[in-house]
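**Q** The lines below spell out each chain.
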Amino acid sequence: MLRNLSKVRKAGVIAAVAASLLGATLMATPSLASTATKHTPVLKPDNANPGAARLAGWKGKTINYLYFTDGPDEKYTRDLVAQFTQQTGINVNLQIIPFANLDSTLAARLAAGNPPDLARVASPQLYVNDALNLDQYFGANYRKEFLPGSYTAVLDKNGGLFGVPSDLTMNGPLINVDLFKKAGVPLPSTTKPWTWTEMLAAAKKVQAATKTDYAFAIDKSGHRLSTVLSQYGTNLIGAGGTNGLDVAKATKALQPLVDMYVADQAPKDLWLGSGAKYAAPLDIFYAQQVPVYLSGNWQVAALAANAKFNWAAAPNPCDVACGGFPGGKFEIAFKKSANPVIAAYFLNWLNKPAEQNYMDQGSFWMPTRVDLANAGIKYPSNAADMNVFIADSARTPDLAYAKDAQGAAFSNAANALRDGLTSVIAGKTTLTAMLTDLKTKIDGWIVK
Amino acid sequence: MKTLERAKAPRRGLRSRRRRLIPYLFLLPNMAIFGLFTIFPALRGFWISFFDSTDGRHFKYVGTGNYKEIFSDQAVLNVASNTARYVIGYVISSVVISIAIALMLNAQTWGKTIFRSVIFLPVLLSPVVIGLIWANLLDRKRGGINALLAIVGVGKVPWLVDSKYTMWAVIFVGLWTHVGFFTVILLAGLQGIDKNIYEAASLDGAHGWNLVRTITLPLLKPTTLVVVILATIQGFQSFDFIYTLTGGGPVGATTLIVQYIYDSAFQTPIRYGLASAAAVILFFIIFSITILNYLIGRSRDAL
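Chains A and B are the protein sequences, given in the same order. Following the working numbering from start to finish, the first sequence increments by one per residue and tops out at 448. Following the working numbering from start to finish, the second sequence increments by one per residue and tops out at 1303.
The shape of chain A in the complex, shown without the other chains:
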């Protein structure tokens, strides 16, 4: 009896402690619902040239720059950061994280009220509500310094500019020239693009002749798959930000890929064995086990430095449309950071003609500035490969550049397309059923 009483008393004490802890938590925690409506700081207008007095006031301050690297660009970014510090006395703390962790890290830091001052991102629409409006600093004409296709991704729903496009990317195939020559298969013309049928036939011929593991590989990415959709005349996000997915056209576009994965002519293990994650078959291309690899211009720098064989960028294949699929990296500053004004100034400085030209040359980036695009970048090597991508960017349908018209809908749809295709390759569903389901999902994302 006494023991029972003691147990009851203990349970009571535990319950009381738990209740008080819960109470303390609830009291100490600001209402999560209220954070949605919390403050938007009023920022004083500024411009790209703050003047000597203002710059002197910023001397010795430190801004945090969250950065992911594709490899070779890190060195050039560090060089520019050092130059900036030397010129202004402002320190830049470069915080480099893996691309795979970028969005989760940034979201967690924003949620915790600890954002970096600026960040390099690939999906800027995820941060549209947190990013600094740059029109108030640099004026409404600032965007005209950049190619129209490159800055549409950093426009908010009111047309305000909330980021700067730092480099334009273009998807496209890379081919192993040595394997093509060994197989006696002619290289594609850089001026008259090949068709999908011709490209896949050539890839299979090279595989058969050279006994490589695979004929064709593509990054496991919805963005890369969008290249194929665009070439077959359909898009995840269509004209005017509508649902652009045409199931029949998309089925026609993706069926040859599915067939190759199922037949083991494309790296099925990489696609299926990496779960719901991005994966790139770059190592397979390095190992010369695939003659044609659909990726993009950001691989040029790494291949130029590391490939032990002759390779080349090839034009994107055509069906009803030609060209590749655009993407890019963007720099955005955050409203609630410690130094938004200095961050905006640094962001502007990084994308001045001389600075962007330095980054583009060293990192094999494609320019986003109109003046640089018109003048052309003098790449230290592989200029012919970069020119193939640049030519493809001109062939790319305008609609492809409007992919971000519905905020994060494109990112969500692209990830769903990647995961859906995984199910199709694994034989869990049919391509048409998956695409029909995806079309419904896109409707939901667009409404949201």
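This list has only true hints and no planted wrong ones.
List of simulated lysine-lysine pairs, DSBU-like, C-alpha gap at most 35 Å:
1) A:336 with B:1060
2) A:204 with B:1141
3) A:182 with B:1156
4) A:439 with B:1060
5) A:308 with B:1156
I should point out that these hints are in silico values taken from the structure, not numbers from a laboratory.
Got chain A sorted already, so can you dock chain B onto it with the hints?
**A** Chain B in isolation, oriented as in the chain A frame:
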């Protein structure tokens, strides 16, 4: 005299109260840290589970909406089924194989240290490294396991690509990783059994398997229960090596509950509320199973 004693009495009471308080004061720093970094975040997680967000920053109160979504989502049912299959396979194989290895090691007369070290070695490796090592070994085209199987005429088995094999591969790697830890615990239990009992049983004519069945296993039961509880908790919490080995694939065939929580919280669209709700459910599942294990073990002891 009496006055003096009366004056001393409250002082003694005060001293006795202080003496009783001292252990709690020693515990206080630890409890404060535990409260701040474990209890508080856990309660905060419970609180967040009633909110939803699509970007991890702007939250909306949804009541039990996240819980309802979890219980009605077919994908979550698949995750639950995967987790159940993994935990059952992992716990049973871990317990059986750990006991077998512990018995063998306990009976060893030479090379004890080497064998015990080898068995324990995987426990010291990083789960990420383990995932990468086995991803290479189990690779369909160039993996070491299939190369060995080819010697005996077995074709290329798609260990990490075909859902028929993937769960087995994941259970095996989990087992390989932790069996050393469980073996050490069981070995300690075996060495705690009084040798006189074996001698007495031998005099009564018991030998070999009879000794194991009638003496070793019953006396090892409390240690086995600890291993079962630890393996169950570890089974439910498995994530890191699986994430690097299969990424939860193919097509979610090896996605367990912790990866579901991770993906909900850290993949776009970021949904901390949904992830927190799943974490709360996981807590109650592990807690219930642990209590159940404990009660079953105790009631058997009472018998």
